[in-house]
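Colleague: Residue numbers (the numbering used here), protein chains in the order written: chain A, 60 to 291; chain B, 3 to 335.
It should be emphasised that the hints constitute simulated quantities derived from the structure, not laboratory data.
In this text the structure is predicted, and so the values were computed from the model without any measurement.
Even glycine gets a Cβ: it sits at the ideal position worked out from N, Cα and C.
Careful: at least some of the hints might be erroneous.
[As the list claims (entries may be wrong)] Short, incomplete list of chain A residues facing chain B, as computed with Cβ under 8 angstroms:
| # | residue |
| --- | --- |
| 1 | K75 |
| 2 | S229 |
| 3 | R275 |
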Amino acid sequence: MAPPTLTPVDESIVAKHSPYGVSTGFMWDERGRWDAQIELASQVSTTAVELSALSEEEVEPLLEYLRRTPSLPFRFKSVHGPAKNRRLEESELVEVLSRFRGLCDAIVMHPDTMLDLSPYKALGSLLVIENMDARKTGGGTVRELEPVFEQLPEARFCFDVAHACSIDPSMDLAEQLLDAFASRLSHVHVSSLDEDLHHVSLTPEDEIRFTPALSRCLDVPWILEAPPPILG
Amino acid sequence: MESPLEALERRSGIRFPNLLRARDLSENKLTARRQALETLDLVRESSVVYVGSIGRAEAIEGSDDDFMLLVENSSDLPNEPSGLALVNQTLGTLDDFEAPGSQGVFAAPVVRAHLIENIGLEADDNSNTTRRMLFLLESTWASNQLYYEETLDGILERYIDQSVKDFRPPRFILNDMIRYWRTMCVDFAGKEYQGPEKWGVRNAKLRTSRKILFAGGLLPVLACAGIRKEEMIPYLKGEFVTPPTDRIASAFLDQEETIDAGARTLAAYDKFLGLLSTAEARNELETLDRNSADKSDLFQQIKKLGISIESGLLALLFQPGDSADLSRNYLVF
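Between the sequences and the hints, there should be enough to build the whole structure, so can you do that?
Modeller: This is how it looks when you write it as structure tokens:
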């Protein structure tokens, strides 16, 4: 398997980590073609994957796909729930998401898109809350996330290291997030961000900057949110 | 004095309330049993040794009294049935005494020489291996501490033999521990073949407490790679008289970067122990088989906790650097 980052393997914490895998979120050309996304993801790693249904209309087709295809090679399967094109009421969306139980290990949601938290309690520990980037109006800091977890006591935490860096490049926030929510940690999103805060492949500079925070997450899957070198 | 488990709790900010409560309960149970057995006139060369949840300081309400009566040699045995009856009778007067399992491994006289000398080959049957491994991995004394410690010394001296080299994990004991873990896994499958009874409890324990027990032995033995041969027996003895969760906590505390992973590992185990403390959960596990487990929220929760425990231990064992090198070089072949 080719190394998953641009950093030389000897100096790369990501290249030595297991389990890792990719998010299908960057596979724009394969939208709606779940088999093709799985095939691409498998070329990087068969230990972990995050299946992205970022747009609400992708949720039901993904659910159907997973129901039809119960056996996938990945040991850890996360589903990224919708963050855009939201039309369903919260309770309706939660009802759909609850049908993923038994089909995946985690459902990631962006806290800024969850208008009413109470229905989400039904998802229990399947629900994973991701910290947001500097573009968002909330959900990026410990202070902003604490009330979310207070209302969703069983929910776990997805640590997006690049999002934390976008708010505080000193990486103090990253440490604070890990201090506050370490016990809830489910998995990690790994990438760099461009000027518009879109996910791009992890740069060697960022990998060095992120290493202390990533070192605190050695026991959970790391999901690459942008194409690793093997996928160009 | 702060235990490694308490130190991990303090340094990570992640709590282990169920494990620490279980320690207190284990200590109380042991104190009562030591006081009760003090009054007995047992032969000098014998010791009542606790294994199981009391032995590893993880007792919950209703924990079995898994003990063995260690005796010097088989010539003592003709008298031992009466000695054993005396021990059973005395322990049976305690309000919280729970008779051990019916497999014959516990509440039985055990000849010390068999534990020490019969390692490997025909005489080292399943019961002997189990008793020896539990003695090493999760035991404590309830009477005659000196005899108990001499036995521990004897077993370690047998393992740390002429084959052992400075700064190398001792392979004899390492292989026996790996063999014991794999035996538990194989026996699980064997028991499933015989019938679905207790599948849920056995599977849940294999995913959690058995894995913790194995890791609690593996980690100190691998750590012998950092010391000379003459230091190994005192080091291993010092480790094995502490609870397995302390040995694991201590290994995670050794490096700053594994503290969070260690806390999550033991928090998952803490949660499992919390679940197991309720009669409701224990009863549900008793009824589960492979098919019904898929539909049980409790079992799915335990499965996730097992994955967290395993992931944390793997992160520790395969952390880039010396740990990964040791694990690669010693745990496969």
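Colleague: Identify every previously stated hint that the structure contradicts and give their numbers, smallest first.
Modeller: 2
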